[in-house]
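So you can see what is in the structure, the chains are spelled out below.
Number of protein chains: 2
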Amino acid sequence: MGRYAPGALRSFVAEALHRGGAFWEEAELVADALVCADLRGVHSHGVVRSAVYLKRLQAGSIRAGADLSVVHDAGAAVVCDAGSGFGVVAAARAMDLAVERAARYGVGAVGVRNSNHCGMLAYFTLREVARGAVGVALSNANAQVAPFGARTRYFGTNPISVGIPGGEEPPVVLDMATSEVAHGRVRAAALRGEPIPRTWALGPDGRPTTDPHEALRGALLAFGGAKGSGLALVVDVLAGLLTGAGSGPEITPLYEELDRPQGVGHLMVALWPDAFCGLSTLRGRVDRLVREVRALPPAEGFDRVWLPGEMEHRRDAEARRMGVGLPEESVLALQEVARAVGLRAPEALA
Amino acid sequence: MGRYAPGALRSFVAEALHRGGAFWEEAELVADALVCADLRGVHSHGVVRSAVYLKRLQAGSIRAGADLSVVHDAGAAVVCDAGSGFGVVAAARAMDLAVERAARYGVGAVGVRNSNHCGMLAYFTLREVARGAVGVALSNANAQVAPFGARTRYFGTNPISVGIPGGEEPPVVLDMATSEVAHGRVRAAALRGEPIPRTWALGPDGRPTTDPHEALRGALLAFGGAKGSGLALVVDVLAGLLTGAGSGPEITPLYEELDRPQGVGHLMVALWPDAFCGLSTLRGRVDRLVREVRALPPAEGFDRVWLPGEMEHRRDAEARRMGVGLPEESVLALQEVARAVGLRAPEALA
Numbered sequence: 010m011g012r013y014a015p016g017a018l019r020s021f022v023a024e025a026l027h028r029g030g031a032f033w034e035e036a037e038l039v040a041d042a043l044v045c046a047d048l049r050g051v052h053s054h055g056v057v058r059s060a061v062y063l064k065r066l067q068a069g070s071i072r073a074g075a076d077l078s079v080v081h082d083a084g085a086a087v088v089c090d091a092g093s094g095f096g097v098v099a100a101a102r103a104m105d106l107a108v109e110r111a112a113r114y115g116v117g118a119v120g121v122r123n124s125n126h127c128g129m130l131a132y133f134t135l136r137e138v139a140r141g142a143v144g145v146a147l148s149n150a151n152a153q154v155a156p157f158g159a160r161t162r163y164f165g166t167n168p169i170s171v172g173i174p175g176g177e178e179p180p181v182v183l184d185m186a187t188s189e190v191a192h193g194r195v196r197a198a199a200l201r202g203e204p205i206p207r208t209w210a211l212g213p214d215g216r217p218t219t220d221p222h223e224a225l226r227g228a229l230l231a232f233g234g235a236k237g238s239g240l241a242l243v244v245d246v247l248a249g250l251l252t253g254a255g256s257g258p259e260i261t262p263l264y265e266e267l268d269r270p271q272g273v274g275h276l277m278v279a280l281w282p283d284a285f286c287g288l289s290t291l292r293g294r295v296d297r298l299v300r301e302v303r304a305l306p307p308a309e310g311f312d313r314v315w316l317p318g319e320m321e322h323r324r325d326a327e328a329r330r331m332g333v334g335l336p337e338e339s340v341l342a343l344q345e346v347a348r349a350v351g352l353r354a355p356e357a358l359a
Numbered sequence: 010m011g012r013y014a015p016g017a018l019r020s021f022v023a024e025a026l027h028r029g030g031a032f033w034e035e036a037e038l039v040a041d042a043l044v045c046a047d048l049r050g051v052h053s054h055g056v057v058r059s060a061v062y063l064k065r066l067q068a069g070s071i072r073a074g075a076d077l078s079v080v081h082d083a084g085a086a087v088v089c090d091a092g093s094g095f096g097v098v099a100a101a102r103a104m105d106l107a108v109e110r111a112a113r114y115g116v117g118a119v120g121v122r123n124s125n126h127c128g129m130l131a132y133f134t135l136r137e138v139a140r141g142a143v144g145v146a147l148s149n150a151n152a153q154v155a156p157f158g159a160r161t162r163y164f165g166t167n168p169i170s171v172g173i174p175g176g177e178e179p180p181v182v183l184d185m186a187t188s189e190v191a192h193g194r195v196r197a198a199a200l201r202g203e204p205i206p207r208t209w210a211l212g213p214d215g216r217p218t219t220d221p222h223e224a225l226r227g228a229l230l231a232f233g234g235a236k237g238s239g240l241a242l243v244v245d246v247l248a249g250l251l252t253g254a255g256s257g258p259e260i261t262p263l264y265e266e267l268d269r270p271q272g273v274g275h276l277m278v279a280l281w282p283d284a285f286c287g288l289s290t291l292r293g294r295v296d297r298l299v300r301e302v303r304a305l306p307p308a309e310g311f312d313r314v315w316l317p318g319e320m321e322h323r324r325d326a327e328a329r330r331m332g333v334g335l336p337e338e339s340v341l342a343l344q345e346v347a348r349a350v351g352l353r354a355p356e357a358l359a
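Protein sequence lines correspond, in order, to chains A and B. Using the working numbering, you'd call the opening residue of the first sequence number 10 and step up by one each time. Using the working numbering, you'd call the opening residue of the second sequence number 10 and step up by one each time.
Everything labelled a hint here was simulated from the structure, so no lab data went into it. There could be a bad hint or two in this list.
[Stated by the list, open to error] Ranges of calculated distance between the beta carbons of each label pair, as one might list FRET restraints:
hint, chain 1, residue 1, chain 2, residue 2, range
1, B, Leu341, A, Asp220, 26 to 36 Å
2, B, Gly92, A, Phe311, 49 to 59 Å
3, A, Arg196, B, Ala304, 23 to 33 Å
4, A, Asp220, B, Pro307, 15 to 25 Å
5, A, Pro306, B, Gly92, 30 to 40 Å
6, B, Gly293, A, Glu356, 22 to 32 Å
7, A, Phe32, B, Asp82, 39 to 49 Å
8, A, Asp296, B, Ser78, 21 to 31 Å
9, B, Gly293, A, Asp220, 55 to 65 Å
10, B, Pro204, A, Met320, 44 to 54 Å
11, A, Ala357, B, Pro204, 31 to 41 Å
[What the hints assert, rightly or not] If we take Cβ atoms under 8 Å as the criterion, some of the chain A residues that face chain B in the derived model are:
hint, residue
12, Met10
13, Ala14
14, Ser70
15, Pro156
16, Val243
17, Leu341
[Claimed, not checked] Taking beta-carbon pairs under 10 Å as the criterion, some of the chain A residues facing chain B (in silico):
hint, residue
18, Gly120
19, Ala186
20, Leu291
21, Arg297
22, Pro306
These numbers were taken from a predicted model, which means no experiment stands behind them. Ideal Cβ placement from N, Cα and C applies to all residues, glycine included.
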């Protein structure tokens with residue numbers, strides 16, 4: 010796994026998207042979000058996605074320079090139309106607006122319709138945390154997951170992220186798909202010809218399968234059975250139906266029909282701690298909770314207890330020191346992007 | 010399982026709590042919430058709890074006539090102190106306030122500190138749905154669940170409920186503990202001398218156990234591994250730390266130290282559909298989603314696909330027609346309550 014300078018990756022992705030038609034402001038924001046994911050070791054949502062974003066940009070399904078326009082403004086709740094712009098840009102702006110409203114009213118909720126794939130949700134909840142808010146981000150996605158008890162797809166992988174500011178401790182950042190695993194992990198197993206656990210997916214016959222090829226023709230399973238499936242539904246309703254965006258089956262998959270906007274929806278919620286117990290009190294209490302949980306005796310088979318987002322925070326710190334390690338798939342995507350726009354791909358650090 | 014008239018159960022519980030010192034208004038609200046749970050077949054949160062509520066009321070840890078006083082009011086977000094009153098009453102009033110603020114600002118979030126066990130969360134989200142809002146209810150609870158990777162308890166069973174208004178279809182109501190199962194199910198297995206699945210709990214040695222007695226001395230497991238554990242943490246932070254309530258390890262268990270207030274926290278959030286896509290649009294889209302999901306072909310081992318809360322809705326309809334079936338444990342609790350306050354316990358329908 011070669012290592013890369015974070016700034017070089019950001020510059021490259023931004024320049025490439027700019028050559029593809031993106032405004033500088035949005036190109037740099039998308040580049041920052043993708044590199045943030047790689048820094049945290051979440052490579053599935055890192056620069057590897059720049060290739061498909063570029064294709065959608067060039068095909069017009071991601072519209073350059075789209076504004077996040079306000080459709081309805083009730084004060085603490087706002088609904089926006091992303092105008093088929095970059096999902097990352099719409100989600101970041103919506104999040105900033107949610108924080109602004111939370112600072113004024115104690116809580117802010119911003120719904121987004123007509124958006125596209127917005128990448129790693131932790132990017133947005135970390136943004137809220139940096140401003141001293143508690144952040145909740147939901148996004149829906151195209152149908153890939155079978156509702157509990159069904160054999161066919163309906164829900165997206167519909168992720169949920171919650172960011173909580175710490176004091177001396179790093180923030181707690183939960184960021185999880187409501188599917189048992191991401192689609193990419195099944196695809197990776199298929200490429201490597203390896204079996205998958207029976208808890209990941211159903212085949213086209215509606216039975217749990219260990220064959221990743223069968224799984225790709227079938228449906229992913231929600232995590233945690235009926236409960237995870239219920240949460241996937243809730244995300245589809247809150248981020249999709251309520252905001253006026255598409256629901257799972259109406260959303261265009263990221264890698265198909267590249268000239269067609271996806272119609273993804275997001276819901277960003279910010280809670281302003283000073284409207285509750287106070288930010289400094291919250292920071293102190295979160296620090297204590299984090300330290301107490303981390304110090305619990307580990308269960309059999311574990312070395313220690315990790316807080317949500319703690320491992321990603323460590324990887325981020327290491328990558329900022331040592332450079333960002335990129336898996337082969339990401340390197341290949343960067344090379345593809347470089348060829349498409351006539352740039353030189355970033356080179357690994359010596 | 011004997012059947013009872015719902016109104017007779019409500020009258021009995023209200024009268025008993027009134028004799029225990031509760032004001033009529035709160036006694037009737039608690040009675041309605043408990044019977045609502047039994048109507049829905051959620052007997053673990055039904056009239057069976059009237060016995061411990063009465064004991065706590067008589068011991069002073071549930072304070073009769075407590076107001077829900079506003080500690081801080083930021084407009085859309087409000088923090089309240091329940092004054093150690095009935096959790097059910099505090100949660101219901103907080104929910105009503107959240108809906109009121111949502112109608113004004115688009116979203117409302119009401120945190121509650123110094124509260125007690127509030128029973129089945131679906132009671133409150135159904136309340137929001139009846140007023141045309143989307144409702145989210147969170148409550149924390151005393152430490153019973155081991156964080157993912159730990160061998161000892163820290164989080165409560167920290168439930169989450171989300172209520173979504175339908176149109177012609179009944180509302181979708183998710184209501185789930187973030188533990189794999191409720192503590193009561195382990196206790197029931199211990200009483201019957203039956204083994205439990207290895208996914209439910211750890212023994213005191215930190216290993217998954219099938220022995221319910223070992224489990225009771227150990228810790229429950231979160232549902233869905235690290236993800237469910239992360240959600241349990243989020244509920245503890247949002248309902249507990251942020252509101253200024255206790256966190257898991259600080260909360261007094263419902264059935265221990267009966268003279269000590271529990272210090273539970275709740276967070277009630279309401280989203281006002283007319284601030285988003287509009288209530289009638291939402292109702293129509295939810296109906297369509299419900300019908301599409303219900304009509305999906307079932308997976309192996311399933312007869313059909315059920316929506317969250319749909320089975321409870323059916324049981325409710327049946328119980329309203331036929332009377333409420335009560336399990337033996339509930340009947341015994343009613344008899345205990347009757348003896349304690351000098352009332353006749355309700356009689357089963359002939």
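Discussion item. Of all the hints numbered above, which does this structure not satisfy? Sort the numbers upward.
Written reply: 1, 2, 6, 9, 10, 11, 12, 13, 14, 17
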